[in-house]
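Work out the full structure, taking the sequences as your base and the hints as a guide.
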Amino acid sequence: MTFLSLLVFSPLLGIGLLAWVRKTETNMIQWIGTAATVPPLLLSLFAFIQSVRGFPLERLDEAHHWVRLADFPFLTDAAYVIRYELGIDGLSLLFIVLTAVLGTLAAVASLLVNEEKKGYFMWLLALEVGMLGVFAAANFIWFFFFLEVTLVAMFLLVGKWGGFERERAAYSYLLYNGFGSALLLVVIAVLVARTGTANFALLGDMLHHPVAEGQLIAPLTSEARHWLLGGLLLAFAFKLPAVPLHRWLIRVHVEAPPPVVMLHAGVLLKIAAYGMIRFGIGLFPDEFRAFAGVIAALGVVNILYGALLALRQHELKHVLAYSSVSHMGVVLVGLGALNEAGIQGAIFQSIAHGLIAALSFLLVGVLADRWGTTDIRRLGGLAASMPVFSGYLLTAALALLGLPGLAGFVGEFTAFLGLFAKKPILAAVGALGLIFAAAYSLKAVLNVTFGRARGSQPPAGQSEPREAVADLRMNEAVPAFILVALIVAVGVYPQLLAGQLAAALETMMNGLGG
Amino acid sequence: MMEQWLESAPSWSNIALFFGLGALLLAVVLAFVTYSILAERKVMGFMQGRIGPNQVGGRFGLLQTVADVLKLLLKEDTIPKAADRPLYVLAPVIAFAPSFMVLAVVPFTDAFRFADLGVGLLYYIAVSGLTIVGVITGGWASNNKYALLGGMRAAAQMISYEIPLVMSALGVVLLAGSMNLVDIVNAQQDVWFLFAQPLAFLIFLIAAVAELNRTPFDLPEAESELVAGFHVEYSGFRWAFFMLAEYVYMFAMAALITVLFLGGWHPVAFLGWIPGAVWFALKFCAVVFVFIWFRATFPRVRADQLMEFAWKVLLPLSLANIVLTAVVKAWFF
Amino acid sequence: MSNIYANSYAIVFVFLCLGVLLPVGALTLGRWLRPHVPSEAKETTYESGNNPFHDSRIQFQVRYYLFALLFVIFDVETVFFYPWAVVYDQLGLFAFVEMVLFITLLALGLIYAWKKKVLRWM
Amino acid sequence: MTLSAYLALSLILFCIGLYGALTKRNTVIVLICIELMLNAVNINFVAFAKYGPHPSVHGHVFALFAIAVAAAEAAVGLAALIAFYRNRKTVRVDEANSLKH
Amino acid sequence: MNDVWQSDWSLMTPEWIVLAVAVVLLLIDVAMPDERSRRPLAWGAALGAVLALGATAALIPAEPASILHGTFRLDSFAKAFKLLLLAGGALALLIVAGWNPKEGSRYGGEFAYLLLFALLGAMMTASSGDLLTLFVSVELLTVSSYILAGLRKTVAASNEAALKYVINGGIATAVMLFGMSYVFGLTGTTNLNEIARRLQETNEPYMLALAFLLLLIGVSFKLAAVPFHMWAPDVYEGAPVPATAFFAVVSKTAGFVLLLRLLVTMFAAAPAEGRDPSSLLLSMQPAIAVLAGLTMIIGSVVALRQRSLKRLLAYSSIAHAGYLLAGFAAMSWAMIDSLWIYLLAYLLMNMGAFAIVSHIVDETGSDDWDGLTGLYRHRPLLAAALGLFLLSLAGIPGTAGFIAKLHLFIGLVVTEPGHYVLAAVMAITTVISYVYYFNLIVQLFFRPLFSSAPLGRMSAGLSAAVVLCALGTLALGWAPGLAYNVLAQFDHFGDFLP
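These protein sequences, in sequence, are chains R, X, E, W and C.
In the numbering used here, each residue's number is its place in the first sequence (first place is 1) plus 7.
In the numbering used here, each residue's number is its place in the second sequence (first place is 1) plus 1493.
In the numbering used here, each residue's number is its place in the third sequence (first place is 1) plus 551.
In the numbering used here, each residue's number is its place in the fourth sequence (first place is 1) plus 114.
In the numbering used here, each residue's number is its place in the fifth sequence (first place is 1) plus 299.
Please keep in mind that the hints were generated in silico from the structure rather than gathered at the bench.
One thing to keep in mind: the hints can contain errors.
[Unchecked claim] No farther apart than 35 Å at their CA atoms in a straight line, the calculated lysine-lysine pairs in the DSBU-like style are these:
hint, chain 1, residue 1, chain 2, residue 2
1, W, K203, X, K1805
2, W, K203, X, K1574
3, R, K125, R, K30
4, X, K1805, E, K667
5, E, K593, X, K1574
6, X, K1564, X, K1574
7, E, K593, X, K1535
8, E, K666, X, K1822
9, R, K450, R, K430
10, X, K1535, X, K1564
11, X, K1568, E, K593
12, E, K666, X, K1805
13, W, K164, C, K452
14, X, K1822, X, K1805
15, W, K164, X, K1822
Predicted model, so just to flag it, every value in this text is computed and none were measured.
The structure is reproduced here in structure tokens:
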């Protein structure tokens, strides 16, 4: 077991331990569950620091023979050898750190979950394994493997521990993402079948270089490549999600337990962005150009649609859900720009939104716990009763609207910078969305914090009306603080991320031919 | 004689010739039936210390059966209202036709024989099985409880005994190496299969009696139980054809036993100067006599004994006989 | 050779015709000779003097069908014996062994039916 | 010429059998129709064995086996029908509907 | 005749073992007093199947050979698929051993040896080198299956299942046989290799095409491919659960064996009509593809409406047959490999699921999915195992089903132009299938307990089957190399075609 495997699979230790704990010992379960998320956190931070200090990440690559799907005499020895391959570069490391951080924070925040805690934590840890694996995989088969682990884990987490309409949400998650996965599988199958390998690097080589192309097992016409890229993008559009494939996201964000949404909004949506960057641009740079315009346009649609609908929502969860749609639009915009700034912006936006969404949903979870509702019309004046909470909520809103100095700004700014260079009009239209963002986030948050106090609503489980609802507890405040710190850090010192990305971006830009 | 006709090119004149010869055989068979019935009555009479028919046609009642047939011809023919008319009319024909058809393959002598089929024995067995259809049709069409029960019983009995019958004949086929009846007869030039296949002969004889619905296996027509079995509603000449079929079958079966086990037209040693036809007739008559003798001697068996005897005794025995014959043939020939 | 074949089946056909013609002819002849005086009583179904009751096409004991099934199986399996018996001389020991196997399986079937009380008539 | 006559006959028989097997409601008739189809097959085999482009005794053998298997199938079919009849008192296929669709 | 004595009878060891065990069990059953339990017979039969499995494994290194004038062929194809059939048979027999029905007849010994006879038929199908043996062995399988379906004599559903199975199976047999008669007529021989050789010289394209279609339809009936699938759900529902498991797994495997042996061997090189130079088989590819597509779609869409576990699994098995047919329709060079892997995975996950369903049906007396509701609460391990099988059936990575499906996909798109439409249909139906598999998972894990009475203990046979299948499903999912190493022994079935 080497470093990356250890990093990815360390939460399994927690699952193993949890299996031996009795169901009733909820404290114990909470402790073990939280502790199990710490090893990947430490390992990923360690890797991050090492990488910042100049440690070449390639040295972490792992490869073990796993299976050989076919060894016909007319094939080369390496054909159809699928290996267990993990490997990271700056790009994936960022996402892994994000995952590890949010994983731990979500585990801490899971104190709010009370029902069947044992099973909950087991699946939460499984989800974390899946997410870490997705970013650590250096091979399509294993990428898909981990992706499907997240699918199953999310289905169960949403369907069993979610809100009132949890099963519906779970099914809609399953169906949309299932279609995405199935499509992805077809694309993977074509690639593996034609090239005989699933390794990203090798695939890239074979697809780009005319010499290597001769080694293909069956030729890939340029038409076929367009279709493959189209399939790939569509598959990730399901998962991103791009309008009009976004319905599931709303349901999941509303119904899933808040810690799960932290992970979902924070990491799972980013898998799509990661996939588009890594596979779309990484494997089919030439074909990607043909799609760039569509993607950018789609991004703008996402931004505006999400923002406008967010403006009309009364439910805080809905607001945040649509804001996620809107923010994922920024990622698309960045990708559609197809220049260095755009792609960097897309990545920044992914990370930043990961942190911001996690913070928002952490807070929404607290709100739901204290008040039993997240309806804006039934909340108000919390600044008085829950000052700390309100402060954090306001910070989250500011980050959400892209206040300079906070993480959100960096991503949005760079992404639009990229698009302005290419398609100024589109970019101008898209930028309107940023104004809407300010409107909906402030409207929602200010209503909750400063609006007229409507203290009549008793929280769940308590009969008398609340006079003084408890403010953030320690175990909520600490994660919130960490998140805010990170948001600020990224916002103020984006080089923290950019330094890591430089190498990865350079290869990508080379692929794009400048 | 027959051989050269058979070898000539098929033509309408040939068919006409065969028709004539077939009609001749039919006449012979009818004559046989007439006198076998008389013989049966006379023999049984003697065995029971009676005289038997002795009024019509002289002291021996030679015209007794003829008179009976004429009487039947003149009797009124009634068809019950509840009966299924077309089937009711058809049944005697279905029962009779196969009984005559089987005779086409039986070689009476070297010269006097009809069709020369490679699968003669199989043909005989296949066609003789059709009679069951006639019987059961008659029983069903009568729409009478006794008739239906009798028909079902007859069917059950005939199919049950068909299997030991067929399987015991296998021993003969094994030894002769052919299913052609002429070949089988020729294979008995030296030793009759009666001696080479005693077990098969016994089984075949018993099964043959049962197939013929004769005592002691005449349950389908048991008067005391079923009135008259499947033909209880039949009268007049329709009834006569059921009876006729039965006796033609007796003729055919006796001929078949002669062919299969008694060496056909081959003479007994040193007596070669007597013509084959006579030898055949002699052996044939002996078999018929045995049938009549059985009738006079054995009591009727019970229904359960009847069925279980076929399946539990005759079938295993005939299987054993096949193995035995094969072993003997593999080791000693 | 083929003449014999064709002629033989011609004979079979002739015999079939004769077998059908005789009853048809005789019955037609009888129709001209015999009296025909139908009456209600004559046409009732015979039931030993009682008035017939119920339908006579009753449901039969299942054992009839069981025997019929057994017959179908055994009779058809016998078909395999005949070609075997005819060429037994030429095939030798192998045919013997094979047929012993076959007979054993048939016997097994018989034993099975026996033990399962299929062969019991009552 | 002879061959095509046999083939036509067997094809007609087969189609009649198939039609009956698919449309008739009485199970006994359906079973008989299946037998009809199998007999059409036998005609084909024997006709090919004698008059086919490659006459060969294998056709006769095949027909024999087909007969035997058909008998076994009929036996099982009738047994199933009897069992069904004892439970349901009908032999009609369209009344065999206790299983959900 | 001397070569008959000199032939290497040891090649048939697995068949001999199965036959001998079946006969001995039959005799024991007949000789046993009526009131004694017949359960040990099922264990004995399972042991026999395992022994035969061992014998087959021991035969793997043997050179391809054929005995009995080419009617029995032991090539790598035969060995590979016999392994599957025997493994499936052994698992089915374990389910039989653990079967404990509440209603229906007493536990008869027939189950054990009829299943073995059916298994024997399936094995002989895999080894047949001759049209005649192929036909007879398929019939041995199907006729035994008819009886298995109707084994619960007093249960109306079982009778009905048997009747429908006989009628549909009989029609299928007749159609297939009719096709065979034309093939025979065109070639005058029944040896498959000889037929393939002579068909290359035939100039009767229409009769050949007719023969092919008739054979395809006949085999489709046996595979329960749409539109010839109507019998399958009824039969699967009415038959006793172990028999259903056997039909769904072993019979289906045998059906694909038949498909490959019959159609591929005979028609792979036969000329097609018209100027198209490719073979008849390739020219019929679109027809097979349509069949596969319909089967996938109908199977998975209709499965959505089922609440009966057996019917659900029946439709799911139809859908899986569609996937397999799609793999067949692709006719890539990895076709047999991918079918083998898929059938292996299919065997493990389906047998496991049926073992658990058998327990549920035995305990609750119904096969409604209510029986699963809240199973997680008091039988977490059982629920987890069933969840695993369902995930595998859905094709989620980490289970056998994924590897198998991946291989099929690769086979579909490896050639240019690939069968993208089929792949797309397969992907979409896979997602549809998520719904009904996850429906069951929801029943298992999300819902409160349906009845307060907990299920009884699982019998040893069922537990063994579940454990074996679960281990196999996981092993194939995590270390597929195990299966691929076995597959590598067969050298890609290079000796399949002459």
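Worksheet item: Which of the listed hints are broken here?
Response: When the structure is compared with the hints, only number 13 turns out to be violated.
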